[in-house]
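S.K.: Chain by chain, the residues run as shown.
2 protein chains.
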Amino acid sequence: MKVIRSVELMQAEMMKVRQKEVGFVPTMGFFHNGHTSLMDEAKKENDIVVTSIFVNPLQFGPNEDFDEYPRDEEHDIKKAEEHGVDILFVPDVKSMYPQKMSVIMKSESRVNILCGRSRPGHFDGVITVLTKLFNIIQPTKVYFGMKDAQQLAVVDVLVKDYNFPIQVIGLPTVREDDKLAKSSRNVYLSPAEKEKSVWLYNALMIGQQLVVDGEKNPVTIIDEVRTVLSEKTGAMIDYVELLNYPNLQPVTEIKEQIILAVAVQFNQARLIDNFILDHEGNIVTRL
Amino acid sequence: MKVIRSVELMQAEMMKVRQKEVGFVPTMGFFHNGHTSLMDEAKKENDIVVTSIFVNPLQFGPNEDFDEYPRDEEHDIKKAEEHGVDILFVPDVKSMYPQKMSVIMKSESRVNILCGRSRPGHFDGVITVLTKLFNIIQPTKVYFGMKDAQQLAVVDVLVKDYNFPIQVIGLPTVREDDKLAKSSRNVYLSPAEKEKSVWLYNALMIGQQLVVDGEKNPVTIIDEVRTVLSEKTGAMIDYVELLNYPNLQPVTEIKEQIILAVAVQFNQARLIDNFILDHEGNIVTRL
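Taken in sequence, the protein lines are chains A and B. Position one of the first sequence corresponds to residue 1 (my numbering), numbered consecutively onward. Position one of the second sequence corresponds to residue 1 (my numbering), numbered consecutively onward.
Keep in mind that the hints were calculated from the coordinates and are not lab data. Some hints here could point you the wrong way.
[As the list claims (entries may be wrong)] With a cut-off of at most 27 Å between alpha-carbon atoms, the simulated DSSO-like pairs for lysine-lysine come out as follows:
1. Lys43/A - Lys78/A
2. Lys160/B - Lys94/A
3. Lys141/A - Lys232/B
4. Lys44/B - Lys16/A
5. Lys194/B - Lys160/B
6. Lys16/B - Lys44/A
7. Lys160/B - Lys100/A
8. Lys16/B - Lys106/A
9. Lys160/A - Lys16/B
10. Lys94/A - Lys106/B
Next up, chain A with everything else stripped away, as it sits in the complex (with noise of 0.2 Å):
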């Protein structure tokens, strides 16, 4: 695997590759089975396989955990390596924004619901940090988790609005043995806290379920959602919601492909989960 910190050195050596499929996993780094099962069905659908590994400034608010953000490149060169990813990228912050950016790019639209609220600014940020890298690895496939389930949508707006080359892939969130959604900020859970977590999963179980047994009304599953999510965690939620995907607008009746979402900010970490459900509540498993 060759590791490339510069970009002008990973464009060149991308301009060399370009007639090939070239499957791309970006990530803050931390990894975990959510970031090596990417790579893992990247590297089934591809003939190269390129991991990023760049903690992104942009898409931190000023009280946000950017300093804090947990990292261990040591141990996530070994874990790409066990999963073949042939090139990892590993930029410094000064070589993806050597000057302050002048041409600022915004998205209008998925972002003033869900984590955006709560994150001004932050999909700003990440569609910023993704059309560099996509410039700069020239990617045809690009993997994310359905953990992030609204970056993945307005990713999705991204590529589209701008023509991007590249096909959007999502893949299933990857849980612990107790179904807590795999996260890098998981490490910042007490153990009670790590106990109580378990119940996002369950809320949203209990929400698929109301759909499933042929629930229409939004609000019923939402109201039954934070209840339980409230009763059993004792956290605060920063928001329950169902909405359309991708579009990630308000329904009044469920007949579409919705993603049913929570966010609940225990004591250092704020941890979100979803499930994208079509309308007979099966869960989506490929975006």
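We have chain A; now place chain B onto it with these hints.
M.R.: Here is chain B on its own, set in the frame of chain A:
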């Protein structure tokens, strides 16, 4: 020569030739020697030359001449063929903008001066359509005329900020026999205006001569150029500016590469012209 009108087909076509050197000449059509000189140079320096014709509504203000902008596709196809263009991309507005753009791009530097001042949003439209075209065509080199020097400066930032794997090349303004800069908008000039319009070039020449003679004070040069323009054209002067280039910042002393630029409003045509000079007053012939 292939003529392709669909974004999807164009992108598929370009995927086939990703390994080659692709020179791209983006235009709004109505070809004159300014355009064909770019095609000729692209032909010399690349395996494949792609030209696009797209009158981009996003870069026209509400009171500007989008509807009246001169078009002659038959003539353009003939010209492109004559000048060795391999692929001519002629999308319609609906295929370039199938839905309202959700992700918007804004340039925050190099735009609030020169033409940007009287054409708010113009350069945002330019970088938006160019980002789309770059992703569709995936060129290795892109060619612009120096007449649109501010556009060239803005594109230079766009490409650097977002790591497009593209070399941006600026080539000299092509002129009529009487030295009026070639422009599709010259057709709007009355015969009397056409005669006076030569004074854009003459005034720039006078400014250049001052630099050659050792004048270091931009104000002296600007005043002289403005006086000549005003007396000889009788038209409304939009601006006379002397800035460093490509940063487009005002300078207090001429000691680096500069642009001396003018814009004049005739009855139906707004004309622009400029010289890009080194600090000794020599004309720069390639950017």
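S.K.: Now look at each hint and say whether the structure bears it out.
M.R.: Structure-based check of each hint:
1. For a cut-off of 27 Å, the pair hint linking lysine 43/A to lysine 78/A stands: about 16 Å separates their Cα positions.
2. Between lysine 160/B and lysine 94/A the CA atoms are separated by roughly 14 Å; this keeps the pair inside 27 Å, and the hint holds.
3. Between lysine 141/A and lysine 232/B the alpha-carbon distance is near 59 Å, which puts this suggested pair outside the 27 Å criterion.
4. Only pairs whose Cα atoms come within 27 Å are accepted, and lysine 44/B paired with lysine 16/A is accepted, the gap being roughly 22 Å.
5. Restraint check: the Cα-Cα separation between lysine 194/B and lysine 160/B comes to about 38 Å, which exceeds 27 Å; the hinted pair is violated.
6. With a CA separation close to 22 Å, the supplied pair lysine 16/B and lysine 44/A stays within the 27 Å bound.
7. At most 27 Å may separate the alpha-carbon atoms for a hinted pair to count; lysine 160/B and lysine 100/A meet this at roughly 11 Å.
8. Distance hint between lysine 16/B and lysine 106/A is unfulfilled; the C-alpha atoms sit about 32 Å from each other, more than 27 Å.
9. Pair hint lysine 160/A plus lysine 16/B holds up; C-alpha atoms about 21 Å apart against a cutoff of 27 Å.
10. Restraint check for lysine 94/A and lysine 106/B: satisfied, since their Cα atoms lie roughly 22 Å apart, inside the 27 Å limit.
Comparing the model with each numbered hint stated earlier shows that hints 3, 5, 8 do not hold.
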